[in-house]
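So the protein lines, in turn, are chains B and D. Quick note on numbering: the first sequence equals residues 1 to 295 in my numbering. Quick note on numbering: the second sequence equals residues 1 to 235 in my numbering.
No wet-lab data here; the hints were simulated from the structure. Using N, Cα and C, we set each Cβ at its ideal position, and we do this for glycine too. Please note that the accuracy of each hint is not assured.
[As the list claims (entries may be wrong)] Below, a sample of chain D positions facing chain B; criterion: calculated Cβ distance under 7 Å:
#1 Lys17
#2 Leu80
#3 Lys81
#4 Ala86
#5 Phe99
#6 Leu102
#7 Thr106
#8 Ser114
#9 Glu116
#10 Arg151
#11 Cys194
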Amino acid sequence: MSFWFTVIRQVGRNLRMTWGSQLMTLLTVSLSVLIFAFFYLIYTNMLNLGHKLGDDLSLIVYLEEEPGPELQQQLINKINTFDEVEEVRFVSRAEAFQRFADQLGKNQDVLNEMPRDFLPPSIEVLPMKNLRSLNQVKLFSAYLARLPGTIKVQYGQDWVERFYYFTKLLSIVVLLSGTLLIMTTIFMVAYTIRLTILGRQAELELLKLVGATNNYIRTPFLLEGLLQGLLGSSLGIAQLYILYQWIKLRFSGPGFLNVFELSFFPPSVSLTIIGVSILLCTMGSYSTMQKFLRI
Amino acid sequence: MNKPLHDNTATMIEMIKVSKGYPPDVVALKDVSVSIDSGEMFFIIGMSGAGKTTLLKLLCSMELPSTGLIEIGGQAIHTLKGFKLARLRQKIGVAYQDFKLLTDRTAAENIAISMEVSYKKPQIIKNRVRNLLEQLDLADKHDTITGELSRGEQQRITLARAIANSPTMILVDEPTGNLDATTTERVMRLLTNCNKAGATIVIATHDQSIYRHTSHRVMELRKGQLHSVARGTSR
Ligand SMILES: Nc1ncnc2c1ncn2[C@@H]1O[C@H](COP(=O)(O)OP(=O)(O)OP(=O)(O)O)[C@@H](O)[C@H]1O
Ligand SMILES: [Mg+2]
């Protein structure tokens, strides 16, 4: 009881003494959390979108002839040697004709004149729904085109591919801003705590002489780092949430962004970001104390 | 074996052939051996530069001896570290010759520090601070920044901080250097009361008026060496 009372009063004293730099640190921490979380949010939304696009993305390999069961198995093996795939489906001439007819619906009588085997047989390949296999869709199609007996390979639009390059770039940006987050939090917190320690050198010296335990001296600084992490990251996440709501409001209604649903982090991710920030800030203050508090 | 600090019959301070040198070649203390009982009041006198302050610094482990053994309450002080050292220091009140006050804090805050580190309750601290200021005739300085006080006032605040936490051992360096006769008497009465309550007290001083008529032991240092230990001529 008395312990926490003393500790909290000490923290209050520190904050009052160096409130200018404390505020700067708080803002820096919240800004770097904001930057990191912003890119990360875009990234996760892109992944979501990618997942949905992946549903539509299949490669269609048109074949010269209908493959027999043995050839089918050989083709499946060949496809699997390139990469694991979600599904391989064989479409015979008859099936292709039937499908086409279904698509024409009421107008299917135009097909009456046509031979039932005028459409080529094909293989539909559904790649795995992950970034890696989607990224190399181009390579994959080139590979499939080289299989014996193929006429042509068709796959989703070009922009799908560009989209995945973009996502990849974004993942690098997320990594970079994450590094930035780690650096700023640790260094800024360490810096302000160092400032406090140097400003209170005489007092810390005296505290040791009158018998203050290490815990008595350290806890306020650790708590200070913890508070910086908690407040800074919560502030950053809150700012991002407001930004997110604003974007949603602005761009809702018919338009490009309606193609996919925007979504915010689940609470667990927000909490993890806050938790990691707290950890980083506390580490920053701890490392400074190890350096500047000779106790 | 650790004797408890409050054992009245025990030896509180044991110094055996203690020397202290400062670089490059200053010998501040040389081969000083003395033992001081628990509950004793003990004076250290000597000319300026004789080593009085050095001896007190060794006793509160602010400095380590170059050679020799110092035991406080049965514990060899140079072996203590961290938590144990902190606990011992909580039991030792020191009034430094250079005060070591936090000059940007009020008198009350300065006195409270020594109690805060042992987590005394705020209410108890408040009462104790008021009581001490009263006894030292400083009641009206409760909220004054210590940097603005006179030297004599600062000296008394330092003393109040030293005894506030009711330590078992009190080290006082020149407690009356800047004080008039009446205030000196107040200070000595306060210290005597602490002594009667059981505290071991070591006073380093030039001030003849406070040791001339004492019945306690007086040790004289000369150039860092023990010159004499004599029981004062009781009045
Ligand atoms: N930190 C130090 N570094 C070097 N020499 C020191 C140091 N502290 C004290 N001395 C020297 O040790 C000797 C004893 O000093 P000390 O302060 O113990 O004297 P003192 O008896 O307290 O004197 P005074 O009555 O003036 O306070 C002096 O010669 C002093 O110059
Ligand atoms: Mg001295």
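Against the structure, the hints:
1. Among the interface hints, the one on D/Lys17 is violated; its C-beta lies about 26 Å from the nearest C-beta in chain B, farther than the 7 Å criterion.
2. At its closest, the beta carbon of D/Leu80 sits 11 Å from a beta carbon of chain B; the interface hint therefore is violated under the 7 Å criterion.
3. At its closest, the beta carbon of D/Lys81 sits 10 Å from a beta carbon of chain B; the interface hint therefore is violated under the 7 Å criterion.
4. Taking 7 Å as the C-beta contact cut-off toward chain B, the hint placing D/Ala86 at the interface holds, the least distance being around 4 Å.
5. Of the supplied interface hints, the one on D/Phe99 is violated, with its beta-carbon coming no nearer than about 10 Å to a beta-carbon of chain B, more than 7 Å.
6. At its closest, the beta carbon of D/Leu102 sits 6 Å from a beta carbon of chain B; the interface hint therefore holds under the 7 Å criterion.
7. For D/Thr106, the shortest C-beta to C-beta distance to chain B is roughly 13 Å, which exceeds 7 Å, and the interface hint is violated.
8. The closest approach between the C-beta of D/Ser114 and any C-beta of chain B is roughly 5 Å, which is under the 7 Å cut-off, so the hint is satisfied.
9. Taken as an interface hint, D/Glu116 checks out: its beta carbon lies about 5 Å from the nearest beta carbon of chain B, inside 7 Å.
10. With a least beta-carbon distance of about 18 Å to chain B, the hint placing D/Arg151 at the interface is violated under the 7 Å criterion.
11. The criterion of a C-beta within 7 Å of any C-beta in chain B is not met by D/Cys194, whose closest approach is roughly 17 Å, and the hint is violated.
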